[in-house]
Amino acid sequence: MLDRINLAHILFLDIETVPQEREFGLLEPEVQELYEEKTRYQRKGEIPAEEFYAHAGIWAEFGRIVCLSVGYFTYKMGERQFRTTSFVGEEVNILQSFANLLHAHFNRGEHLLCGHNAKEFDFPYIARRMIIHGVKVPAKLNLMGRKPWEVPHLDTMEMWKFGDYKHYTSLKLLAHILQIPSPKDDIHGADVARVYYVDQDMDRIVRYCEKDVITVAQIVLRLRGEAILEEEELLSV
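The opening residue of the sequence shown carries number 0 in numbering that gives the first Met the number 0; numbering runs sequentially from there.
By construction, these hints were calculated from the structure, which means they are not laboratory data.
Misleading hints may appear alongside valid ones.
Pairs of lysine-lysine, DSS-like flavour, derived with a Cα cap of 27 Å [said to hold, decoys possible]:
| # | residue 1 | residue 2 |
| --- | --- | --- |
| 1 | Lys171 | Lys146 |
| 2 | Lys37 | Lys146 |
| 3 | Lys43 | Lys165 |
| 4 | Lys139 | Lys160 |
Using the sequences and the hints given, assemble the complete structure.
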């Protein structure tokens with residue numbers, strides 16, 4: 000099936016998220032209690048909620064999106080190019096800009112979204128944050144009630160599972176075994192909150208996020224048996 004998909008119909012994406020506040024103590028008391036309750040199982044009663052707050056960005060209820068990067072293939076006169084662009088700034092503006100992109104350019108039946116572990120994380124996270132901000136969820140993301148395997152989009156982690164739903168493979172590991180240049184040569188996901196709140200270096204986060212988008216596209220090319228992208232085929236716009 001993957002071989003029959005027109006690559007120009009795929010919108011590749013990745014998001015970077017952080018806790019809603021820089022520190023646990025800045026949360027309202029009610030939110031602190033709700034976070035303690037939400038994370039009780041993960042903390043197993045051994046780690047105080049305050050010390051566990053660095054993980055808050057993984058939950059849409061306690062985190063927020065600071066960067067949403069997308070990428071897409073273009074073909075002109077036989078030449079292939081992969082273009083990336085990123086949405087940053089106020090979260091509501093990030094979400095509205097992404098919704099506008101889907102409405103304007105990726106709204107037909109043949110259009111697909113693609114990410115790594117996106118069915119479990121990116122797609123639902125974006126949709127939940129849209130609802131929280133009152134942004135209308137585009138049809139392409141309106142997947143409420145569907146199981147991950149019922150979502151009509153692409154997920155490179157799911158494709159690599161080959162039906163083994165217990166298997167988890169990180170983007171870094173998959174890139175390594177497929178001999179794709181590593182996307183994790185600068186920061187890691189756990190560093191994003193620090194780079195955002197302490198270093199205040201959004202350019203670094205954007206570069207990191209766009210590298211992940213490129214890597215997802217490279218994985219799809221390898222799964223199709225095609226040559227991966229060269230540096231001269233990449234363009235950030």
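Hints versus structure:
no.: 1; hint: Lys171 - Lys146; in the structure: 25 Å, holds
no.: 2; hint: Lys37 - Lys146; in the structure: 22 Å, holds
no.: 3; hint: Lys43 - Lys165; in the structure: 23 Å, holds
no.: 4; hint: Lys139 - Lys160; in the structure: 24 Å, holds
In terms of the numbered hints stated before, the structure departs from none.
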